[in-house]
Amino acid sequence: MTEALSKLFDFSTMVNLLGYPFVQQALLAAAALGLVSGCLAPLVVARKMSFAVHGTAELAFTGAAAALLVGVSVGVGALAGAVVAALLLGLLGQRGTERDSVIGAILSFGLGVGVLLLWLNPERTANKFSLLVGQIVGVDSTDVLLLTASAVLVLVVFGFVYRPLLFASVDPDVAAARGVPARVLTPLFAVLVGVATALGVHTVGALLVLALMVTPGAAAARVTASPLKATVLAVVFAEVAVLGGIVLSLAPGAPVSAFVTIISFVIYLACRVIGKRRLSRLTRTPATT
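Anchor point for the sequence shown: position 138 equals 138 in UniProt numbering, and the numbering is continuous, going up by one each time.
These aren't lab readings, by the way, just hints derived from the structure by calculation. Check each hint, because a few of them may be wrong.
As the list claims (entries may be wrong) - As a list, the in silico BS3-like pairs of lysine-lysine whose alpha-carbon atoms are at most 25 Å apart:
1. Lys-276 - Lys-48
2. Lys-229 - Lys-48
3. Lys-276 - Lys-229
With the hints as constraints, model all of the structure from the sequences given.
This is how it looks when you write it as structure tokens:
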């Protein structure tokens with residue numbers, strides 16, 4: 001136990017590793033991921049898409065496993081798998097009554113096929129494990145370019161559709177009456193979420209990408225009702241979690257996802273406490289006046 005703690009708080013090793021190019025590339029990729037996931041997370045929470053993110057992550061994992069098997073870029077495979085999942089979820093799960101069953105079917109299918117593809121791959125056991133829980137040594141300069149370009153594309157499209165998407169998320173009935181094209185926006189947003197989810201496969205792995213795609217938005221919703229403030233806070237929370245997780249994982253050499261999820265959950269708990277105290281002060285104010 002003492003040895004493990006000494007590795008965890010070995011700051012000299014941590015500082016030395018920060019000078020390596022692969023660590024700097026991982027931090028750049030993580031920063032792009034934190035920005036994208038933080039922007040999307042509040043709407044993911046508002047639209048109740050947490051389970052959908054998990055389903056999308058499973059097909060991103062499947063695409064990455066297929067890419068690893070045939071020897072192409074894991075990032076490209078993850079993107080392809082996530083986009084396919086997002087389109088399926090957006091098109092098949094339009095009706096709320098069948099959304100959960102569609103997600104469950106896609107999730108189990110993606111995970112099953114992904115496990116089969118990993119079993120078929122006789123080599124690269126470390127890379128197999130990294131698809132599930134993340135590994136920064138797998139991020140190279142090509143991956144950074146792909147992640148950055150994908151992040152920019154997602155943010156540009158998201159900026160164009162943000163206002164009608166927010167309207168349709170907050171009050172879907174009124175938005176439909178005003179002519180907001182929800183049938184187009186729903187699958188489009190699902191694709192944006194899918195791309196963002198795929199970006200997280202390298203860093204936090206397919207199993208724990210929820211820590212960035214959902215938790216920052218859920219935490220922000222606990223402390224503010226303003227969409228703009230929630231987005232800013234979610235970006236800050238996501239960046240702190242993913243960058244802090246990478247830095248803390250350097251010295252012990254532990255999976256990045258462990259630290260990312262811990263930091264993200266601590267932020268969420270802190271926001272719950274702050275939100276509860278704020279609500280309690282508001283409810284006591286009329287009684288004192």
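Consistency of the hints with the structure:
no.	hint	verdict
1	Lys-276 - Lys-48	holds, 22 Å
2	Lys-229 - Lys-48	holds, 19 Å
3	Lys-276 - Lys-229	holds, 18 Å
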